[in-house]
Amino acid sequence: MQGGGNTIAYYGYKDGSGDFFIRLDTDKCKECVNKPCVDACPAGLLEIFVNDYDDVVVRVEEKHRRKIKYSCSVCKPVFGDRIIVCQAVCKLKAIAHTW
Amino acid sequence: MMITAGIDVGNKNTRALILKDREVISRSLVLSDFDHKKAALYSYELALSKAHMNKEDVNFIMATGAGQEEVTFANGRITEVGSAARGAVFLFSSTRTVIDVGAEESRAIKIDEKGKVLDFAINEKCAAGTGSFVESMSRALEITLEEMGALSLKGEKSVPMNAQCAVFAESEVVSLIHARIPVENIAKSIHEAMASRISSMVRRIGIQKEVLLIGGTAYNKGFIAAMEEDLELKLIVPADYPEFISAFGAALVAADKAGGK
Amino acid sequence: MPEAREFWRWKEYNWKTPDFDWKDATLITAGVDVGSVSSQAVIMCDGKLYAFSNMRTGSDSPNSALNAMKWALEGTGMTLTDIHCKVGTGYGRINVPFSDRAITEIACHARGANYMFGPTLRTIMDMGGQDCKAIRCDENGKVVSFLMNDKCAAGTGRGMEAFAELLGVSIEEVGELSLQVEEEPPPVSNTCVVFAKTEAAGLLRSGWSREKVLAAYCSAMAHRVASLLNRIGMKEDFAITGGIAKNVGVVSRLEKELGVKALKTNYDMQIAGALGASIFAKDLAEKAIRNK
Chain U
1 MQGGGNTIAY YGYKDGSGDF FIRLDTDKCK ECVNKPCVDA CPAGLLEIFV NDYDDVVVRV
61 EEKHRRKIKY SCSVCKPVFG DRIIVCQAVC KLKAIAHTW
Chain X
1 MMITAGIDVG NKNTRALILK DREVISRSLV LSDFDHKKAA LYSYELALSK AHMNKEDVNF
61 IMATGAGQEE VTFANGRITE VGSAARGAVF LFSSTRTVID VGAEESRAIK IDEKGKVLDF
121 AINEKCAAGT GSFVESMSRA LEITLEEMGA LSLKGEKSVP MNAQCAVFAE SEVVSLIHAR
181 IPVENIAKSI HEAMASRISS MVRRIGIQKE VLLIGGTAYN KGFIAAMEED LELKLIVPAD
241 YPEFISAFGA ALVAADKAGG K
Chain B
1 MPEAREFWRW KEYNWKTPDF DWKDATLITA GVDVGSVSSQ AVIMCDGKLY AFSNMRTGSD
61 SPNSALNAMK WALEGTGMTL TDIHCKVGTG YGRINVPFSD RAITEIACHA RGANYMFGPT
121 LRTIMDMGGQ DCKAIRCDEN GKVVSFLMND KCAAGTGRGM EAFAELLGVS IEEVGELSLQ
181 VEEEPPPVSN TCVVFAKTEA AGLLRSGWSR EKVLAAYCSA MAHRVASLLN RIGMKEDFAI
241 TGGIAKNVGV VSRLEKELGV KALKTNYDMQ IAGALGASIF AKDLAEKAIR NK
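Protein chains in written order, with our numbering: chain U, 1 to 99; chain X, 1 to 261; chain B, 1 to 292.
To be clear, the hints were calculated from the coordinates, so they are not data collected in a lab. A couple of the hints might just be wrong.
[Claimed, not checked] The calculated lysine-lysine pairs, modelled on DSS-like cross-linking and capped at a C-alpha distance of 25 Å, are: (1) B/Lys142 to U/Lys28; (2) B/Lys261 to B/Lys212; (3) X/Lys154 to X/Lys221; (4) U/Lys30 to B/Lys287; (5) B/Lys246 to B/Lys212; (6) X/Lys20 to X/Lys114; (7) X/Lys125 to U/Lys67; (8) X/Lys257 to X/Lys116; (9) B/Lys142 to U/Lys93; (10) B/Lys212 to X/Lys125; (11) X/Lys116 to U/Lys76; (12) X/Lys234 to X/Lys116; (13) B/Lys256 to B/Lys235; (14) X/Lys125 to U/Lys76; (15) B/Lys142 to U/Lys30; (16) X/Lys38 to X/Lys50; (17) B/Lys212 to X/Lys12; (18) X/Lys257 to X/Lys114; (19) U/Lys28 to U/Lys93; (20) X/Lys221 to X/Lys157; (21) U/Lys76 to X/Lys209; (22) X/Lys257 to X/Lys50; (23) B/Lys16 to B/Lys70; (24) U/Lys76 to U/Lys93; (25) X/Lys157 to U/Lys63; (26) U/Lys30 to U/Lys93; (27) B/Lys246 to B/Lys11; (28) B/Lys261 to B/Lys246; (29) U/Lys30 to U/Lys91; (30) X/Lys221 to X/Lys12; (31) B/Lys264 to B/Lys11; (32) B/Lys48 to B/Lys23; (33) B/Lys287 to B/Lys142; (34) X/Lys125 to U/Lys63; (35) X/Lys209 to X/Lys116; (36) X/Lys50 to X/Lys12; (37) B/Lys287 to B/Lys23; (38) U/Lys67 to X/Lys157; (39) U/Lys28 to B/Lys235; (40) B/Lys246 to B/Lys256.
Generate coordinates for the entire structure from the input sequences, incorporating the hints supplied.
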């Protein structure tokens, strides 16, 4: 199947306290061979899988999706520098956080 | 003689506490319901009458809690984080981390030896990380909170709870009952799920000993056990009135303001 | 199950087309969507909808899948072995014992909605029992962007059920009742269903009618769903699927907030996932035939 535009996947949740999603541009992601974000993530949130359209891309592990706010807190200290590692190592700029 | 009052208006309960020279002489607790203004006044009058005092006798009133703005008769206001820290360090001077789990909000507060707030994290818009979660679960199990706490200590094996949301967890608990999982194991799992969420919040600010647990949920033995296991440390838990620490802290600040240290 | 809980229980049903006989078909495919609350099975003959069922999911996914399938087959004379290819989807998709492949509910919903609403469809809001999904797709029903929220009951059918339960009205009446207000009240301020229920109980005590409380909740739900749609980028044409698509109280308020009308269809909107799965099954079967 062919489609126009990039496919954007959002993993995470919205609850009373806010929106917490990791945004993955899978059309960029599928071009990346090494997928350094998977090993770089200090919380081990990401995994590689084959999606429904047979592209090899990264996604957030199911068990982290409902607690992503806390899983990602390693990279988001309340005080001090925020270096979001997955974003930093992704040369194609395929990963973004919504919060 | 110095009489001061602390009034803590939470989303669910409102508490008033009267101090005479920094000693507690009365407490009152009422439902906040819809009219926080009314709840504040009612709890204050109730506490005064219990203390056999009149409004004229009171030197200073501090308001705290989510509805502090509604305490129109207060002389001053303090955030719930500030009042909890003040109360905590006064009662347990070695406290460096305060975990406050109330009915509709929970927070973790990092303080120094003087009770100064260094950092904090709050959860208030989602029932999953508050006392309401355990309350909903006890309703689903059709037992009281006290029973659930006691039962959970007898639980031998926990079952994984997938739901984070209290509403989904209720359905999950019902299906666990149908699957004939022993109720003490369900109770244990509920407290573990709750504790893991609270611990995640506490870890955000970094855990420093001693760790004090306050708020209404500090009555729940099952939750305390699950928290201690999750954090791998022993918690300090006030022997009585853990839900009044914020009101107490506010009244202490009132005493500071009213008549020197 | 105590009787008091029954009023929010919706009716289960099945359907079969009167227009043609499956025995005339060359390719028969099926899709089963095992959701956390309801399960649907769809049977298609040569890419045309033939029969479907919609049931409540039991505690056991494999059985729920089989029951839904059996019920869709009921009265057709067809058996499972007559179906050339079957695809499972939904929350319990890996537990569909008879399926040839499992495909995510996101992809299946987009595909099914594309069939139901036509190739102009670009944005789908699926409000299921325990999750809600916002999906953008292209003219072929391929997913362009998606977001799924299954952490929180707000904006899901279960959240609405909890409300119906509190007010003692059936889930099917909620929408109509919520429109019987003279003036639109402000939305319920708490997102969390547990806190919103406490808020609603207080509103009832303060003299609000049931209708007014329902109106306030439907509009809060519409607002929440709209924010998810705006996150993925709302684009027309727009359609709503899932159980809440049948709730006119939420739908009309969502349309108003977004400023667009949702496409209408004669298909049962709860079967979008299963329908998409059966279309994927058709692709798979055709591919298998070509590769032979």
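A quick look at each hint next to the structure:
no. : hint                 : in the structure
1   : B/Lys142 to U/Lys28  : holds (17 Å)
2   : B/Lys261 to B/Lys212 : holds (24 Å)
3   : X/Lys154 to X/Lys221 : holds (11 Å)
4   : U/Lys30 to B/Lys287  : holds (24 Å)
5   : B/Lys246 to B/Lys212 : holds (19 Å)
6   : X/Lys20 to X/Lys114  : holds (22 Å)
7   : X/Lys125 to U/Lys67  : holds (15 Å)
8   : X/Lys257 to X/Lys116 : holds (17 Å)
9   : B/Lys142 to U/Lys93  : holds (23 Å)
10  : B/Lys212 to X/Lys125 : holds (23 Å)
11  : X/Lys116 to U/Lys76  : holds (23 Å)
12  : X/Lys234 to X/Lys116 : holds (23 Å)
13  : B/Lys256 to B/Lys235 : holds (15 Å)
14  : X/Lys125 to U/Lys76  : holds (20 Å)
15  : B/Lys142 to U/Lys30  : holds (16 Å)
16  : X/Lys38 to X/Lys50   : holds (18 Å)
17  : B/Lys212 to X/Lys12  : holds (23 Å)
18  : X/Lys257 to X/Lys114 : holds (17 Å)
19  : U/Lys28 to U/Lys93   : holds (8 Å)
20  : X/Lys221 to X/Lys157 : holds (17 Å)
21  : U/Lys76 to X/Lys209  : holds (23 Å)
22  : X/Lys257 to X/Lys50  : holds (24 Å)
23  : B/Lys16 to B/Lys70   : holds (13 Å)
24  : U/Lys76 to U/Lys93   : holds (19 Å)
25  : X/Lys157 to U/Lys63  : holds (21 Å)
26  : U/Lys30 to U/Lys93   : holds (12 Å)
27  : B/Lys246 to B/Lys11  : holds (13 Å)
28  : B/Lys261 to B/Lys246 : holds (15 Å)
29  : U/Lys30 to U/Lys91   : holds (13 Å)
30  : X/Lys221 to X/Lys12  : holds (21 Å)
31  : B/Lys264 to B/Lys11  : holds (22 Å)
32  : B/Lys48 to B/Lys23   : holds (13 Å)
33  : B/Lys287 to B/Lys142 : holds (18 Å)
34  : X/Lys125 to U/Lys63  : holds (22 Å)
35  : X/Lys209 to X/Lys116 : holds (15 Å)
36  : X/Lys50 to X/Lys12   : holds (22 Å)
37  : B/Lys287 to B/Lys23  : holds (22 Å)
38  : U/Lys67 to X/Lys157  : holds (23 Å)
39  : U/Lys28 to B/Lys235  : holds (22 Å)
40  : B/Lys246 to B/Lys256 : holds (16 Å)
In this structure, none of the earlier numbered hints is contradicted; all agree with it.
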